[in-house]
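Undergrad: Sequence:
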Amino acid sequence: METQIVLFLVAIVATAINSIAGGGGLLTFPVLMTVLPPVIADATSAVALLPAYMTSTWAGRKHLPPVRHWFWLLLGPSLLGSLIGAFLLNWSGNRSFTALIPWLILAATLLTLRPLLTRTAHSAHSRGPVATGEITAARSVSLQIGAGVLLFFVAIYGGYFGAGIGILVIAAFDLIGLTDIHSILPLKNALCGSLRAVAVIVFLIEGKVNWKYGLVMAGGALLGGYLGGSVVRWMNPTLVRIGIVTLGFGIAAYYFLKIYGAGIHLVGSD
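With the first letter of the sequence shown counted as 1, position 57 gets the number 57 in this note's numbering; the numbers rise by one all the way through.
Hints in this document: simulated from the structure, not taken from any laboratory.
We put the CB at the ideal spot given by N, CA and C, even for glycine.
The hints are all genuine.
Cβ pair distances, simulated, as ranges:
no.: 1; residue 1: Ser92; residue 2: Gln144; range: 26 to 34 Å
no.: 2; residue 1: Val141; residue 2: Gly250; range: 41 to 49 Å
no.: 3; residue 1: Trp72; residue 2: Ala171; range: 17 to 25 Å
no.: 4; residue 1: Lys212; residue 2: Gly93; range: 18 to 26 Å
no.: 5; residue 1: Thr3; residue 2: Phe153; range: 33 to 41 Å
no.: 6; residue 1: Val6; residue 2: Leu75; range: 32 to 40 Å
Could you build the full structure based on these sequences and the hints that come with them?
TA: Okay, structure coming up:
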């Protein structure tokens, strides 16, 4: 029971962080790794965090209409990429996936760090296409195709691992000119929820989910996602992100030492 309580609380915090700054998967996955094999932990984390995307999208639904057509444009490539990523995880097995864990966590941490590094390169008052109302104007075919290809590869990562996927999606939005934070957050949540749902379906079919812990965390995720989506306007994303980045580097260092310093150690078996 103590483990379930900890997981419930971690899910609340992680999903609230996802809504505000991103990087919540850096909390749920390592915690689940303490009680589950790596692949099962990743799949269970995906199930646990999925409800939060739905509640976060609902909480920010008033800001979604200006970017709705981008959702439909990017949905197909996102679903296909996630499907491929989920199958790659299923085929890789615990040992192969374990060898990648510190690298994946480091990548997710660097993704979370990216907005802090690039903040000085952009004016705080810059206005992108969403902010200026140009988002509904005609776009070149090449830009739309490029956006679809970009989200396809982003979604492969999202289906395979998922931690930091929200930051990666926002970075992709930045490249295609979507910059208004209040519009792209619900768009990010809607796309991430959709692509992670595809991965979850694959994990369920393959029997990779631990329901004992997954359902407990899903309950916490529902609460955390709604809280995060509701208070995002009053939180400081920079401070939250700094905390997550610090934690992420620490977790990555721990797994580098654990896996490469003393050989690969698995909870469970292949």
